[in-house]
Amino acid sequence: KQEVTQIPAALSVPEGENLVLNCSFTDSAIYNLQWFRQDPGKGLTSLLLIQSSQREQTSGRLNASLDKSSGRSTLYIAASQPGDSATYLCAVSSGGSEKLVFGKGTKLTVNP
Amino acid sequence: DAGVIQSPRHEVTEMGQEVTLRCKPISGHDYLFWYRQTMMRGLELLIYFNNNVPIDDSGMPEDRFSAKMPNASFSTLKIQPSEPRDSAVYFCASSPYGSPSSYEQYFGPGTRLTVT
Chain A
47 KQEVTQIPAA LSVPEGENLV LNCSFTDSAI YNLQWFRQDP GKGLTSLLLI
97 QSSQREQTSG RLNASLDKSS GRSTLYIAAS QPGDSATYLC AVSSGGSEKL
147 VFGKGTKLTV NP
Chain W
-12 DAGVIQSPRH EVTEMGQEVT LRCKPISGHD YLFWYRQTMM RGLELLIYFN
38 NNVPIDDSGM PEDRFSAKMP NASFSTLKIQ PSEPRDSAVY FCASSPYGSP
88 SSYEQYFGPG TRLTVT
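Read top to bottom, the protein sequences are chains A and W.
Heads up, the first sequence is in this note's numbering, so the first residue is 47 and it goes up one at a time.
Heads up, the second sequence is in this note's numbering, so the first residue is -12 and it goes up one at a time.
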């Protein structure tokens, strides 16, 4: 059974700092990995999707990497801003290719 | 497109009552997913549909839960009878058909259910 773990559970940084969020998964047979952002009381917004054949994806100040063999992904946020404060969730497709298994998220606070 | 639409946004009900949650997926998307989010268990997949047909309901907690998708633009998740432990945020998501490695899911705003 696929399990996804995100460390740390919470992170507080000053504005402008570069930071890394970690995600690990137990079964390397995945189709893709997605990073989501969730604001309080809101739904999830997809940030990046990395296909199993890819090593990384970039969008603006965000860069996500994938190492299938070691069961790890990182989300790098450059020059963090208070608006980046949210919970970041990692999810992998597992079982059937359409199914996502989620980690419990990292709650990020960027202090002005 | 308006994105995935869910209603109601908030629902408060008493134990034993029937609850129906509604979802309208993004037009043209072939897959629809129902998730439940709690502090203890995080986000869990309950059931998903492909072209209106239920594919996997192994995440449905028990017989009190049922889901239907009568057409491509509407789905319901019903709880009968509801219990306090069903209190959670329920999300609906949809995904377009594509190569398996590129499925991307789009989430609705969720329904916050409180059962007293």
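Treat the hints as calculated values from the structure; they're not laboratory data.
Source: prediction; values computed, not measured.
Errors might be hidden in some of the hints.
As the list claims (entries may be wrong) - With a straight-line cut-off of 20 Å between C-alpha atoms, the simulated EDC-like cross-links for lysine to aspartate or glutamate are:
#: 1; chain 1: A; residue 1: K88; chain 2: W; residue 2: E5
#: 2; chain 1: A; residue 1: K114; chain 2: A; residue 2: E102
#: 3; chain 1: A; residue 1: K47; chain 2: A; residue 2: E61
#: 4; chain 1: A; residue 1: K145; chain 2: W; residue 2: E(-2)
#: 5; chain 1: A; residue 1: K150; chain 2: W; residue 2: D17
#: 6; chain 1: A; residue 1: K150; chain 2: W; residue 2: E31
#: 7; chain 1: A; residue 1: K153; chain 2: A; residue 2: E61
#: 8; chain 1: A; residue 1: K145; chain 2: W; residue 2: D17
#: 9; chain 1: A; residue 1: K47; chain 2: W; residue 2: D43
#: 10; chain 1: A; residue 1: K153; chain 2: W; residue 2: E(-2)
#: 11; chain 1: A; residue 1: K114; chain 2: W; residue 2: D17
#: 12; chain 1: A; residue 1: K47; chain 2: W; residue 2: E(-2)
#: 13; chain 1: A; residue 1: K88; chain 2: W; residue 2: D17
#: 14; chain 1: A; residue 1: K88; chain 2: W; residue 2: D43
Comparing the hints with the structure gives:
{"no.": "1", "hint": "K88(A) x E5(W)", "result": "violated, 25 Å"}
{"no.": "2", "hint": "K114(A) x E102(A)", "result": "holds, 11 Å"}
{"no.": "3", "hint": "K47(A) x E61(A)", "result": "violated, 38 Å"}
{"no.": "4", "hint": "K145(A) x E(-2)(W)", "result": "violated, 27 Å"}
{"no.": "5", "hint": "K150(A) x D17(W)", "result": "violated, 27 Å"}
{"no.": "6", "hint": "K150(A) x E31(W)", "result": "holds, 10 Å"}
{"no.": "7", "hint": "K153(A) x E61(A)", "result": "holds, 15 Å"}
{"no.": "8", "hint": "K145(A) x D17(W)", "result": "holds, 14 Å"}
{"no.": "9", "hint": "K47(A) x D43(W)", "result": "holds, 15 Å"}
{"no.": "10", "hint": "K153(A) x E(-2)(W)", "result": "violated, 26 Å"}
{"no.": "11", "hint": "K114(A) x D17(W)", "result": "violated, 28 Å"}
{"no.": "12", "hint": "K47(A) x E(-2)(W)", "result": "violated, 33 Å"}
{"no.": "13", "hint": "K88(A) x D17(W)", "result": "violated, 24 Å"}
{"no.": "14", "hint": "K88(A) x D43(W)", "result": "violated, 26 Å"}
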